[in-house]
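Colleague: Work out the full structure, taking the sequences as your base and the hints as a guide.
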Amino acid sequence: MYETTTTRNYTLSSLTASQKNRIFETEFYPVMDALYNFAFRLTLNEDDANDLVQETYLKAFRFIETYQVGTNAKAWLFRILKNSFINDFRKKSKEPDKTDYDEVEQIYNSEDAHYSATVDLRSEVFSGVLGDELSAALNSIPVDFRLIILLSDIEGFTYEEMSKIIGIPIGTVRSRLHRARNMLKDMIKGYAQRMGYKVDEA
Amino acid sequence: MKDNTCLKVVDKIPLYLDGEMPENEIPIFLEHVKYCSKCMDKYDSERTFKDIVRERCERRCISSSLADSIKNRISMLLARS
Numbered sequence: 001m002y003e004t005t006t007t008r009n010y011t012l013s014s015l016t017a018s019q020k021n022r023i024f025e026t027e028f029y030p031v032m033d034a035l036y037n038f039a040f041r042l043t044l045n046e047d048d049a050n051d052l053v054q055e056t057y058l059k060a061f062r063f064i065e066t067y068q069v070g071t072n073a074k075a076w077l078f079r080i081l082k083n084s085f086i087n088d089f090r091k092k093s094k095e096p097d098k099t100d101y102d103e104v105e106q107i108y109n110s111e112d113a114h115y116s117a118t119v120d121l122r123s124e125v126f127s128g129v130l131g132d133e134l135s136a137a138l139n140s141i142p143v144d145f146r147l148i149i150l151l152s153d154i155e156g157f158t159y160e161e162m163s164k165i166i167g168i169p170i171g172t173v174r175s176r177l178h179r180a181r182n183m184l185k186d187m188i189k190g191y192a193q194r195m196g197y198k199v200d201e202a
Numbered sequence: 203m204k205d206n207t208c209l210k211v212v213d214k215i216p217l218y219l220d221g222e223m224p225e226n227e228i229p230i231f232l233e234h235v236k237y238c239s240k241c242m243d244k245y246d247s248e249r250t251f252k253d254i255v256r257e258r259c260e261r262r263c264i265s266s267s268l269a270d271s272i273k274n275r276i277s278m279l280l281a282r283s
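Read top to bottom, the protein sequences are chains E and L. Just so we're aligned, residue 1 is where the first sequence starts under the working numbering, counting upward by one. Just so we're aligned, residue 203 is where the second sequence starts under the working numbering, counting upward by one.
Just so you know, the hints here were simulated from the structure itself, not pulled from any lab data.
Simulated crosslink set (DSS-like; lysine-lysine; CA at most 25 Å straight-line):
1) E/K74 x L/K273
2) E/K164 x L/K252
3) L/K273 x E/K59
4) E/K74 x L/K252
5) E/K189 x L/K240
Label pairs and their calculated CB-CB ranges:
6) L/L209 x E/I170: 19 to 25 Å
7) E/L58 x L/N226: 44 to 50 Å
8) L/E257 x E/S140: 16 to 22 Å
9) E/E124 x L/R275: 45 to 51 Å
10) L/N226 x E/D47: 46 to 52 Å
As the structure is a computational prediction, the values presented were derived from the model and not from experiment. Virtual Cβ for every residue (Gly too), placed ideally from N, Cα, C.
Modeller: Quick look at the structure:
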């Protein structure tokens, strides 16, 4: 599950407790806030976010031998958290089944190559949006799409990192991100219209 | 012909802003955006959008009590291992 592609230069269970402690202190703990923010944005609930972050660190302890010291700890932990979220939280959430999104995505990809079919808004419209409105808009889009915006625009992961974290090909990362951004722009457009902005391209 | 170029450039704006554009394509891309006002507008719009998502979404921080409790738990597990 947490396999790595490169060869480890140590055998299993070769890390001492103090080495493990050092990994937690220098690589895992510094991303705690980022993990919490990600968890909260996924679950939209403080208790669930707390549980997810705690579970992520316990799993990090359990699987620490599969972590390559000095590699991308943040991406590794985000992947664990995302998998826990899928396994534990999505099952009991009321959001439609994942297959629904897969179907949407397939339809979307089949008409692909039309990246230019974007929601066009003048940049002033974006500039006028308040943080609260933006947060509400982001929270309201389906979780698969919210997740990719969080990883890309909030956390700054590369397409390749996101591909590994989510477990989808890079091409799908790109198309899903495009779709997610359009959804978010649509929400902002609706908000701007209600506020009386002139939203269309001049 | 020109429209076709614009279409391709517009498709690639997110790639550029996401830092995923291959190095060798960057100069041609920027050259076009600089001189084509339509593409420049789209570029501005996309960049502003990406900026505000990053800057204006409130970031939640973990409570210090949970952070401490996680660290204590890991310390206990480490002591036992």
